[in-house]
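Engineer: Sequence:
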Amino acid sequence: MSINLKRLLRRNETVLLVAIIIFSLIIGSRSTEFFTVANLFDILRSSFVQLIFALGVLIVIVSGGIDVSFPIVGIFAGYAAVVIMQKFELNSESLFIPILLAILIGVLLGGVNAVAIAGFGIPTLIATLGTAGVFRGVMLSFVGASFISDIPIALDEFSTADLIKFESESGFLVRLHVLVIPVAIITIFVHLLLTRTIFGRSVYSLGGGVEATRRLGISVKRTQIKIYLLVGGLSGLAGILYVSLQRKANPYDLAGSELDVIAAVVLGGASIMGGYGTVFGTVLGVLFINMIKNNLILLGVSSSWQRAAVGILLVIGITIQAIGENKRNKARRALTEAEGD
4 MSINLKRLLR RNETVLLVAI IIFSLIIGSR STEFFTVANL FDILRSSFVQ
54 LIFALGVLIV IVSGGIDVSF PIVGIFAGYA AVVIMQKFEL NSESLFIPIL
104 LAILIGVLLG GVNAVAIAGF GIPTLIATLG TAGVFRGVML SFVGASFISD
154 IPIALDEFST ADLIKFESES GFLVRLHVLV IPVAIITIFV HLLLTRTIFG
204 RSVYSLGGGV EATRRLGISV KRTQIKIYLL VGGLSGLAGI LYVSLQRKAN
254 PYDLAGSELD VIAAVVLGGA SIMGGYGTVF GTVLGVLFIN MIKNNLILLG
304 VSSSWQRAAV GILLVIGITI QAIGENKRNK ARRALTEAEG D
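In terms of our numbering, the sequence shown opens at residue 4 and continues consecutively.
Among these hints, one or two may not hold up.
[Unchecked claim] The calculated lysine to any residue pairs, modelled on SDA-like cross-linking and capped at a C-alpha distance of 20 Å, are:
#1 Lys296 x Leu103
#2 Lys224 x Ile69
#3 Lys168 x Asn253
#4 Lys296 x Gly278
#5 Lys296 x Ser260
#6 Lys90 x Lys251
#7 Lys251 x Leu143
#8 Lys251 x Ile151
#9 Lys229 x Ser152
#10 Lys90 x Leu143
#11 Lys168 x Pro185
#12 Lys168 x Ser152
#13 Lys251 x Asp159
#14 Lys229 x Gly278
#15 Lys251 x Ser152
#16 Lys168 x Asn42
#17 Lys224 x Ala121
#18 Lys296 x Ile69
#19 Lys251 x Leu103
#20 Lys251 x Ile100
#21 Lys168 x Thr39
#22 Lys330 x Met276
No lab work stands behind these hints: they were computed from the structure.
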């Protein structure tokens, strides 16, 4: 077996892909509906918003940080965009205006995180945990705390904008939302951003070590600012798309969803210690989490265990990473001792 093949088999992405195949076979053996186009489209639809959030979280984790504020940033941006549209009577038939508003609000909130982390040097977990509480309080106190069902017409209509729609042999309506195209473009963009740009190399370098990054002549603060502005923008976009797909704006939505997203990114192979992570792995992680959440009931597992299952998967993913890191550290120490002798 060649060295390249061995490395491929050891990659988290390969292991996760095998896990998805095995899980699919198990579920498929219990229900013939699993291997249908309709079920595939349902999994994809439930993954769109989560994947956009996950791409932002991937960037943060690769840089050696952790962000738990992104769901609040997302719903703040989405909800505030709807409130602004209504208050100022902006063109409700425009899809561009609420999306642009949400992205701008997301970038603004991401800027607050950037100031806390890059400006004041607050650890990322503490900073985003604190800002999440602040953002939520500001939203409920000054933006609104009431459920909005009459969202702008364009957002409401976009929820049923299908790229593919047909009736199956069993009489069910099979639909693939048009969002699959922009989400695919965003995914490719983030992949190219991380792998083909100076900014991407700076993100990976930062995850490898702050001091080493400085020695390479890379501005740590500037890189952190760009990271959290970008993540804020992605979160804002995800938030307004969530509002559209749900056909409602509820300021209490999305809170607590960070576990699913972080678990998906970690299961996709992103190192919680920073310095490694791929977009492909993140996509697989999101699909796997949504497969589990949507189909556990077919295995006879109560839906109330969904969150526990995701938590267990997160612990397993981090444990595997920790074991691998310990093995690498032992190998480095052994090599250093051998060279010393």
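Engineer: Give a verdict on every hint.
Structural biologist: The hints, checked one at a time:
| no. | hint | in the structure |
| --- | --- | --- |
| 1 | Lys296 x Leu103 | 31 Å, violated |
| 2 | Lys224 x Ile69 | 16 Å, holds |
| 3 | Lys168 x Asn253 | 28 Å, violated |
| 4 | Lys296 x Gly278 | 29 Å, violated |
| 5 | Lys296 x Ser260 | 13 Å, holds |
| 6 | Lys90 x Lys251 | 16 Å, holds |
| 7 | Lys251 x Leu143 | 16 Å, holds |
| 8 | Lys251 x Ile151 | 6 Å, holds |
| 9 | Lys229 x Ser152 | 35 Å, violated |
| 10 | Lys90 x Leu143 | 16 Å, holds |
| 11 | Lys168 x Pro185 | 18 Å, holds |
| 12 | Lys168 x Ser152 | 26 Å, violated |
| 13 | Lys251 x Asp159 | 8 Å, holds |
| 14 | Lys229 x Gly278 | 17 Å, holds |
| 15 | Lys251 x Ser152 | 5 Å, holds |
| 16 | Lys168 x Asn42 | 13 Å, holds |
| 17 | Lys224 x Ala121 | 5 Å, holds |
| 18 | Lys296 x Ile69 | 23 Å, violated |
| 19 | Lys251 x Leu103 | 18 Å, holds |
| 20 | Lys251 x Ile100 | 17 Å, holds |
| 21 | Lys168 x Thr39 | 14 Å, holds |
| 22 | Lys330 x Met276 | 15 Å, holds |
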